Amino acid sequence: MSQYPDNRGDGEDDLGSLGRPGSSGLGSLAQSARTKHLKQARGILLTIGVLTLLFNVILFFAAESIVRGQIQAEVRKAGPGKQFDQARLREFEETVIRENKVVAALTSVLGVVFIVLGLTVKQFPVPATAIGLVLYIGASVAFAVYDPESLGGLAIVIKIAFIVALVKSLQAAIAYQKEAAAAAAGEATV
Amino acid sequence: VAAEPPTTAAAGMHPLLKVIIAYSVMLVVSLVWGLMSHAAGHLDENERMAGVLVLEALDTVVVLITAVAVGRLRVPKPAAGIRIVAWLTAPVAFAAVLAVNVAYRQWLIEFLRAQWLKELLAEPEWSMLTALLFAVQPALIEEWFFRHLALGAVRTVTGVHAAVWVSAVMFAMAHVYNPLGLPWLLVGGIVFGYWRVMSGGLAVPILLHLSLNATILWFQGLL
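Those sequence lines, one after another, are chains A and B. For the first sequence, our numbering gives the first residue as 1, with consecutive numbering after it. For the second sequence, our numbering gives the first residue as 1, with consecutive numbering after it.
Hints should not be assumed to be uniformly reliable.
Pairs of lysine-lysine, BS3-like flavour, derived with a Cα cap of 25 Å [said to hold, decoys possible]:
id	chain 1	residue 1	chain 2	residue 2
1	B	77	A	178
2	A	122	A	159
3	A	36	B	18
No lab work stands behind these hints: they were computed from the structure. Please read all numbers here as calculations on a predicted model, not as lab measurements.
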């Protein structure tokens with residue numbers, strides 16, 4: 001129920017007021033926009049999380065065959081005349097496989113974190129959207145440092161669109177949390 | 001601990017958004033430096049030091065501008081008893097974070113069985129310049145940014161725990177050039193955050209950060 005009831009008694013929605021959170025009209029419009037942004041944040045965080053998790057779980061289990069295939073291809077490219085120390089080659093292979101598995105495992109954990117943030121965005125709007133935004137920007141930069149092509153083509157457009165949506169969600173979350181605090185303070189003083 | 005949220009008189013853009021923008025700028029600066037080093041190929045020690053110097057100078061400027069833009073963030077102090085406990089237990093926090101760092105590095109090197117990782121994770125040798133770049137500057141500027149501006153800005157709209165965790169994630173992710181170090185950096189960020197909240201000021205986290213970085217640097221130099 002609104003903290004500021006409509007005293008006209010005509011039952012019609014007025015334009016509301018931005019200074020009256022929770023009232024009908026513009027106030028509720030702003031509220032519904034905030035709810036929409038939070039839902040959008042939930043969708044984005046879940047999408048990023050599921051895609052990251054799926055891709056990296058596959059990468060984790062396929063690391064061995066991918067690395068072995070790439071090393072064999074390099075050996076073939078070097079030609080039959082080139083001799084390799086088989087023991088050292090195996091050791092190198094083993095190290096690269098482990099590295100790939102550690103990176104895939106860490107990134108899978110990141111995927112799970114995104115999913116958890118998406119699922120808890122309504123209970124913890126500011127922490128979930130802020131952490132989601134920070135992780136997304138940070139991960140994008142980290143991958144770009146090691147593989148600049150990860151920002152090439154359409155990828156950069158999609159990343160910017162996700163960042164803009166997450167920033168809007170954070171703004172909505174801040175407003176939502178402030179309203180909740182104001183409502184709680186109002187209830188405490190009544 | 002610090003039951004009341006900090007107050008801010010700033011109108012317009014929320015301090016948290018200003019902090020996030022500054023944080024993104026810092027990450028982009030790191031990205032540009034990473035791409036430039038990639039393009040340049042192998043860098044010698046002097047070139048690397050020059051790069052770190054420029055990077056830290058830019059970060060310092062960004063933090064100063066952010067502090068001006070955010071304005072005063074008055075984070076309320078906890079009771080005197082809690083502040084005393086924070087100071088008394090700071091050595092325990094230092095030992096715990098150092099132990100996590102050493103154990104994690106060791107596990108990583110053994111698990112990956114990669115000798116080159118030892119070199120990658122190794123800090124440069126101890127000198128006045130490296131102490132300034134790898135211990136003093138990060139302790140002062142990072143603590144000011146993450147444990148005052150970020151934690152304080154998040155705290156204006158959430159509780160203590162959320163503020164500590166958000167600022168810790170920001171701190172860990174800021175070290176994008178060291179992705180394998182993220183788990184222990186997160187632990188460090190959480191510990192620094194809680195000791196900042198308990199002590200009611202920046203002195204304890206700055207001392208923790210400074211002594212931790214200096215110890216790691218000193219050990220690496222001795223090895």
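Checked hints:
| no. | hint | result |
| --- | --- | --- |
| 1 | B:77 / A:178 | holds (22 Å) |
| 2 | A:122 / A:159 | holds (23 Å) |
| 3 | A:36 / B:18 | holds (23 Å) |
Checked against the numbered hints listed earlier, the structure breaks none of them; every hint is satisfied.
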